[in-house]
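Quick note on numbering: the UniProt record's numbering labels position 212 of the sequence shown as 212, and the sequence is numbered without any gaps.
Think of the hints as simulated: they come from the structure by calculation, not from any bench. Predicted model, so just to flag it, every value in this text is computed and none were measured. It cannot be assumed that every hint is accurate.
[Claimed, not checked] Pairwise CB distance ranges, derived in the manner of DEER restraints:
#1 P168 - K223: 20 to 30 Å
#2 L218 - E42: 45 to 55 Å
#3 M193 - L218: 45 to 55 Å
#4 P115 - K35: 49 to 59 Å
[Claimed, not checked] Result set (DSBU-like, lysine-lysine): computed pairs, CA atoms no more than 30 Å apart in a straight line:
#5 K61 - K35
#6 K41 - K61
#7 K32 - K61
#8 K223 - K181
In this text, a Cβ means the ideal position worked out from N, Cα and C, and glycines have one as well.
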Amino acid sequence: MAETAREIADELRERIRSGELRPGARLPGEPKLVKDYGVAKETARRALTLLVTEGLAVRRKGSGTYVREFQPIRRVANERLSQERWGGGRSIWSADVGQRPMSVTELRVYEAPAPDDVAQILELDDGAAVIIRDRLFAVEGEPVQAAVSYLPADLVRESAIAQEDTGPGGTYARLAELGAKPVRFVEELRARMPSQDESERLHLAEGTPVVEIYRTALTEDGKPVEVNRMLLDAGVYVMEYRITG
1 MAETAREIAD ELRERIRSGE LRPGARLPGE PKLVKDYGVA KETARRALTL
51 LVTEGLAVRR KGSGTYVREF QPIRRVANER LSQERWGGGR SIWSADVGQR
101 PMSVTELRVY EAPAPDDVAQ ILELDDGAAV IIRDRLFAVE GEPVQAAVSY
151 LPADLVRESA IAQEDTGPGG TYARLAELGA KPVRFVEELR ARMPSQDESE
201 RLHLAEGTPV VEIYRTALTE DGKPVEVNRM LLDAGVYVME YRITG
């Protein structure tokens with residue numbers, strides 16, 4: 001009996017997770033799936049697309065679809081935002097990737113009027129300036145996250161936050177030195193499909209969604225001092241939150 005694209009994808013996914021199809025292995029192509037499962041070519045294509053969208057497989061033009069070799073990134077929000085980390089001179093970003101090769105590319109630091117939504121969150125007057133830090137994070141040479149931070153220019157303009165290299169501990173360590181130490185963070189997450197420009201910047205496979213995160217950093221007295229808009233490749237991230245009652 002012919003199977004659905006979902007059922008075929010489920011069987012291939014199980015073969016990947018069991019180790020039968022190892023990282024880098026070529027998945028059965030559309031002609032073989034058509035023959036083995038008695039389905040239309042379009043059904044076979046959708047089955048492979050599902051695995052690509054989930055981040056388990058990648059397409060190589062003119063070659064086929066392969067089990068993804070890139071290992072997922074586990075993002076543990078509680079650990080990465082701890083004062084112990086950035087206060088000790090370590091980057092927040094390193095909490096996600098450990099010893100895996102990583103880099104920051106396409107870094108731009110500049111001053112501009114705050115977008116309306118950012119000005120509202122940061123409690124700034126209309127037209128107030130912010131320092132913007134726009135960058136792309138890559139792991140093992142693969143872009144996985146784009147991030148844009150907005151900070152009140154009057155607060156950080158004369159600090160290393162307005163320079164490319166923020167120094168040990170990054171932005172939050174510098175804010176602490178300015179008397180605006182972040183002690184609480186609020187993150188809002190949503191999943192959506194990316195724009196064409198976002199897909200190209202993150203090198204996303206067709207049909208791959210993104211996770212968009214807005215994080216606000218607040219001081220002890222509740223003053224917002226940073227808004228960070230992050231765009232994550234949903235195919236490579238595992239989101240983990242540790243909650244104690």
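| task | Kindly indicate which numbered hints from before are broken by the structure, ordering the numbers from low to high. | result | 3
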